[in-house]
Amino acid sequence: MLNRKLSDYLFYGVIVLIIAVVFLIRSVTLGSLNDRIQQLENSNISIQNRNDIIELQVEQYKDVQINHLYELYGKVPNFFSQADLTYYTIAQLELVGITEEVDYQRSVYVKDNVTFPDSSAFADLTDDFKIVEVQVYFNTLDDAVVKDFIDLLYASEQVFIVDSVEYTTPDGFNYIGVTLNFFAFYTLDEEDAS
Amino acid sequence: MASKRVYQKSVNGNSDFIYVDLLPDVKRARQFNVNVIASLFLFIFLSFVFIYMPFRTATERFEELNAINNDLRHELELTQEEFAGYEINLDTIAFEEEIDNLDTYKVDFNNYFDDVILVIDAQGGKITYINYSASNSTMQVTVLHSSPFTFNILNNDLLELSWVETSEFSIPTRTGDAVLYSSTFTLGVDRDVK
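Chains as they are written, first to last, in our numbering: chain A, 1 to 194; chain B, 1 to 194.
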């Protein structure tokens with residue numbers, strides 16, 4: 001038979017054991033349930049956000065008439081051909097009267113993979129497009145040719161942006177040299193993007 | 001107190017014997033039973049307060065969240081169907097927006113240069129050199145004029161052009177034998193001007 005003192009100790013031990021067991025059960029059952037509640041809350045927030053985004057996109061774009069992809073590729077081609085760009089530039093020069101005659105000293109040089117310093121206005125565009133620089137030089141007696149050439153570039157289906165123009169104004173008797181650089185834009189290849 | 005029992009073999013008392021239990025007759029402590037009952041009640045009470053009630057609350061919360069989750073998923077399905085119904089292609093939209101963004105980099109050089117020519121002509125000046133750079137957002141124009149004091153007026157007039165952010169000019173220098181002064185204006189070009 002247990003004596004009284006031992007019995008008391010046993011009682012206290014049992015109380016401690018009961019409290020421990022209760023809190024153990026509580027932590028196991030509620031812990032698991034709270035985890036599932038937390039997962040549900042996160043899931044609800046995530047679904048609600050997706051819902052909001054899609055609803056916003058539907059609201060924003062449902063009436064937008066999107067150009068067909070081939071039209072967009074006409075503005076920014078997905079394929080770069082140095083020869084095509086060179087011949088296109090020469091064709092525009094021919095249209096404004098800059099032929100291959102010796103007097104004009106026409107030259108077209110296409111420079112691939114242009115890089116820009118951070119200070120350049122075009123630095124941000126390198127993330128979205130492959131940018132190709134076309135360097136054009138020719139002689140002329142009339143600087144209106146320069147304006148006509150720029151007008152032709154801006155009227156093209158493909159997007160061109162004039163980067164620099166440099167010339168001295170003509171006196172009507174002597175040829176002046178015109179240096180004109182412009183950019184052509186292409187979609188980024190996966191290799192370029194990486 | 002030791003228990004004593006008499007076992008009788010016959011009526012005359014022969015061979016009778018007495019069984020004496022010398023072990024102490026100790027009663028089981030009542031305290032132990034009370035402890036068991038108290039422990040049981042304590043277990044029940046603690047279980048109710050710390051397990052059942054929080055569990056019930058958490059379960060209700062879980063069911064409520066689960067119902068919201070189901071509603072949201074259903075709503076998401078409907079929104080996705082609506083999105084698909086409008087045939088919205090986000091890649092194409094993003095591509096078109098990038099191309100539209102490209103247009104903001106275009107500077108209408110011809111119009112800008114015409115503005116400069118008008119200002120210079122109005123003051124009787126003559127442009128001899130032009131150097132435009134879209135990358136640096138600058139336009140350099142060298143001007144000839146008979147009066148060295150007119151350059152300051154020209155500078156003020158150029159600053160009034162909407163697309164001119166800044167304008168500086170070099171100290172006018174006399175050119176050759178002619179009584180003409182030359183100065184180069186450097187204009188800061190704002191390509192975002194409306």
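Don't read these hints as lab results, they were simulated from the structure. Honestly, I wouldn't trust all of these hints.
[Unchecked claim] Straight-line alpha carbon distances no greater than 25 Å define the calculated PhoX-like cross-link-like pairs of lysine-lysine that follow:
1) A/LYS147 / B/LYS106
2) A/LYS147 / A/LYS111
3) A/LYS111 / B/LYS126
4) A/LYS5 / A/LYS75
5) A/LYS62 / A/LYS75
6) B/LYS106 / A/LYS75
7) A/LYS111 / A/LYS62
8) A/LYS147 / B/LYS126
Comparing the hints with the structure gives:
| no. | hint | result |
| --- | --- | --- |
| 1 | A/LYS147 / B/LYS106 | 15 Å, holds |
| 2 | A/LYS147 / A/LYS111 | 23 Å, holds |
| 3 | A/LYS111 / B/LYS126 | 35 Å, violated |
| 4 | A/LYS5 / A/LYS75 | 95 Å, violated |
| 5 | A/LYS62 / A/LYS75 | 23 Å, holds |
| 6 | B/LYS106 / A/LYS75 | 14 Å, holds |
| 7 | A/LYS111 / A/LYS62 | 40 Å, violated |
| 8 | A/LYS147 / B/LYS126 | 18 Å, holds |
Against the hints set out earlier in the document, violations occur for numbers 3, 4, 7.
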